[in-house]
Amino acid sequence: MDVLHSIILGLLQGLTEFLPISSSAHLILLPELMDWTDQGLLYDVAAHFGSLLALLIYFRKDLEKMTAGWVRSFNSGRNAEANLVWFLIIATLPICLAGLLFHDMTGLLRDPLIIAGATVLFSLLLWWADGYGGRQRSLDDFRLRDAIVIGLFQALAMVPGTSRSGITITAGLLLGLNREAASRFSFMLAIPTILLASGYELLNVSLSAIQVDWTALFTVTAVSFVSAYATIHFFLKLVERTGMLPYVIYRLFLGAILFALFS
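Quick note on numbering: numbering that gives the first Met the number 0 labels position 228 of the sequence shown as 227, and the sequence is numbered without any gaps.
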């Protein structure tokens with residue numbers, strides 16, 4: 000893999016993993032536009048690791064408080080930080096189950112027209128949720144029902160083109176969370192989700208003999224980290240002002256391009 004390919008792959012992963020615009024739609028469009036062969040699973044895992052590292056560093060203070068509160072709760076009872084940890088665990092369970100049951104079927108869903116359809120369909124759902132959700136609740140008002148519903152919606156991200164961040168933010172908005180709260184929970188939920196998915200894929204990679212380009216691997220990881228960190232920071236700062244309409248319009252445009260290229 001050359002340097003340009005490594006940089007673009009890392010940049011694309013870092014940007015699209017957390018913006019509600021569907022990383023899978025971009026990753027299928029990229030080789031079509033650049034005439035590149037598939038980079039392979041190992042480099043996808045490296046790109047996801049960079050994004051995960053960005054999450055861990057960006058939310059490090061929140062994670063420290065949540066971990067301390069969760070440990071403390073075993074002696075002194077439940078608290079807000081411990082509740083949030085349990086909510087994240089509960090919300091992760093549906094996609095874990097879906098991954099175990101349907102992992103071998105995901106290849107059948109990677110048809111470009113399915114990805115295009117999901118990109119358009121779920122962008123319209125995001126637009127509707129942003130317009131008609133109450134947007135009054137914060138994470139302080141988060142409940143068990145919210146974790147269950149968001150977790151079930153996240154399982155839909157098994158369909159390429161859905162966008163994991165997009166569908167979980169959509170669920171949060173439908174439940175009445177404000178944009179910042181829905182986005183923040185979606186991003187924190189990505190930590191266990193990416194960790195488990197990457198670990199599973201890395202295990203598959205370790206069982207196969209492949210030649211590693213360490214320079215490309217480091218470049219993908221580093222660029223993904225930087226772009227993901229910047230994306231998280233600016234998205235959370237601006238989301239209450241921008242709303243979801245810019246991302247909806249972009250997804251509709253992206254879906255139209257995919258339909259035009261692959262129909």
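The set of hints was computed from the structure by calculation and includes no laboratory data.
Fair warning: there could be bad hints in the mix.
Pairwise CB distance ranges, derived in the manner of DEER restraints [as the list claims (entries may be wrong)]: (1) Gly175 - Ala79: 45 to 53 Å; (2) Val2 - Leu260: 48 to 56 Å; (3) Leu260 - Phe73: 30 to 38 Å; (4) Leu151 - Phe258: 37 to 45 Å; (5) Gly98 - Val225: 39 to 47 Å; (6) Ser137 - Ile88: 16 to 24 Å; (7) Val70 - Leu32: 19 to 27 Å; (8) Arg144 - Asp34: 43 to 51 Å; (9) His232 - Phe261: 43 to 51 Å; (10) Asn74 - Val2: 18 to 26 Å; (11) Leu237 - Leu123: 32 to 40 Å; (12) Gly133 - Asn74: 45 to 53 Å; (13) Ala79 - Leu3: 45 to 53 Å; (14) Phe73 - Asp34: 52 to 60 Å.
The structure displayed is predicted, hence computed values, not measured ones.
Just so you know, even glycine gets a beta-carbon here, dropped at the ideal spot from N, CA and C.
Going through the hints against the structure:
The supplied range of 45 to 53 Å is broken by Gly175 and Ala79, whose beta-carbon atoms lie about 19 Å from each other. Our hint of 48 to 56 Å for Val2 and Leu260 is violated, since their Cβ atoms are close to 26 Å apart. Taken as a hint, the range 30 to 38 Å is violated for the pair Leu260 and Phe73, whose Cβ atoms sit roughly 54 Å apart. A beta carbon spacing of about 28 Å between Leu151 and Phe258 contradicts the range 37 to 45 Å that was offered as a hint.
For Gly98 and Val225, the Cβ-Cβ distance of about 28 Å falls outside the hinted range of 39 to 47 Å, so the restraint is violated. Under the hint 16 to 24 Å, the C-beta atoms of Ser137 and Ile88, about 21 Å apart, fit the expected range. The hint said 19 to 27 Å for the Cβ distance between Val70 and Leu32, and at roughly 48 Å that hint is violated. Distance hint for Arg144 and Asp34: a CB-CB separation of about 48 Å, consistent with the stated range 43 to 51 Å.
Checked against the given bound of 43 to 51 Å, the beta carbons of His232 and Phe261, roughly 34 Å apart, lie outside it. A hinted range of 18 to 26 Å is violated for the C-beta pair Asn74 and Val2, which are about 52 Å apart. Our hint of 32 to 40 Å for Leu237 and Leu123 is violated, since their Cβ atoms are close to 22 Å apart. At roughly 37 Å, the beta carbons of Gly133 and Asn74 sit outside the given window of 45 to 53 Å.
The supplied range of 45 to 53 Å is met by Ala79 and Leu3, whose beta-carbon atoms lie about 46 Å from each other. Between Phe73 and Asp34 the C-beta distance comes to about 56 Å, which sits within the given range of 52 to 60 Å.
Taken one by one, the earlier hints fail for this structure at numbers 1, 2, 3, 4, 5, 7, 9, 10, 11, 12, listed in ascending order.
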